[in-house]
Amino acid sequence: NAGVTQTPKFRVLKTGQSMTLLCAQDMNHEYMYWYRQDPGMGLRLIHYSVGEGTTAKGEVPDGYNVSRLKKQNFLLGLESAAPSQTSVYFCASSYRTPSSYNEQFFGPGTRLTVL
Amino acid sequence: EDQVTQSPEALRLQEGESSSLNCSYTVSGLRGLFWYRQDPGKGPEFLFTLYSAGEEKEKERLKATLTKKESFLHITAPKPEDSATYLCAVKGYSTLTFGKGTMLLVSP
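Chains A and B, in that order, are what the protein sequence lines are. Per the numbering used here, the first sequence starts with residue 2, numbered consecutively. Per the numbering used here, the second sequence starts with residue 5, numbered consecutively.
Derived by calculation from the structure, the hints in this document are not laboratory data. The beta-carbon is built from N, C-alpha and C at its ideal position, and this holds for glycine as well. Accuracy of the hints is not assured; some may be wrong.
Stated by the list, open to error - Computed list of lysine-lysine pairs in DSS-like fashion (alpha-carbon distance at most 25 Å, straight line):
1) B:Lys46 with B:Lys104
2) B:Lys46 with B:Lys67
3) B:Lys72 with B:Lys83
4) B:Lys46 with A:Lys10
5) B:Lys104 with A:Lys58
6) A:Lys10 with A:Lys58
7) A:Lys10 with B:Lys104
8) B:Lys61 with B:Lys73
To be verified - Computed footprint of chain A on chain B; a stretch qualifies when at least three of its residues, placed anywhere within it, have a C-beta under 8 Å from a C-beta of chain A:
9) 17 to 28
10) 38 to 47
11) 94 to 107
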C-alpha cells in the first residue's frame, strides 16, 4: 500500500495563477482532510470531507476550494494564488468507526511558493 | 474553542538523558488526544491515541500519559534517531486541533 500520496511535491506560482493539488489514498478511508503548515502556526485545517461527494470548511477555508468526486481522491484548488498562501500543504485520511475517533494518516506534503 | 499548548518549544538532550514533553489542552468533550512525530520535510507520523484520563501507551522509548488537563510524552534514554518535532492534537466536538509542536534534538 502506498498510503496517502500527494502531487506535486513542489510548486512555484505567480500571484493570480491557479493550480490544483491532488491527494490520493489507497486505504479505503471515508474521511479526508487538507491542512496547511506554517512556521510558528502549527497545522491548520483548510477543508475536509466525510465521504464521496461531500466537503466542509475547516478553520482557514478562504481562497481554497475542494472536490471529492471519488472516494480515494481529494483535490485542493487555488483559484487565484496569493503570497499568503505560501505554505506546506498536507493531505490526510482516516477511517470511520461508530464509537471512536481514529487517527489520521498524512501524506508527504506539497511545498507551495507564491511569488 | 479547543486549544492545545505544547512545551517546551524546543528541547536539546544528550543521548540517554530522559525527559518529558508537555501538552496542555482545553477541549469541549474530549474524544481523543493524539501524538504524532514529524521529521523535517515529511508528513506527521502517528504515534499514540489516548481516550481517557489515566490511560497510558508505550512504544519503544516513548510513553504517553493523559490527565484531564494535559498529556505527557516521556522519552526514556533517547537516541539521536528520536530527534524530530512531536505534535499533540485533540479531538473534541469539532475538528482536530493541533499544537505547534516541540522540536527535540538528541545529541550523541
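Structure versus earlier hints - violations, ascending order
Numbers 3 and 9, in rising order.
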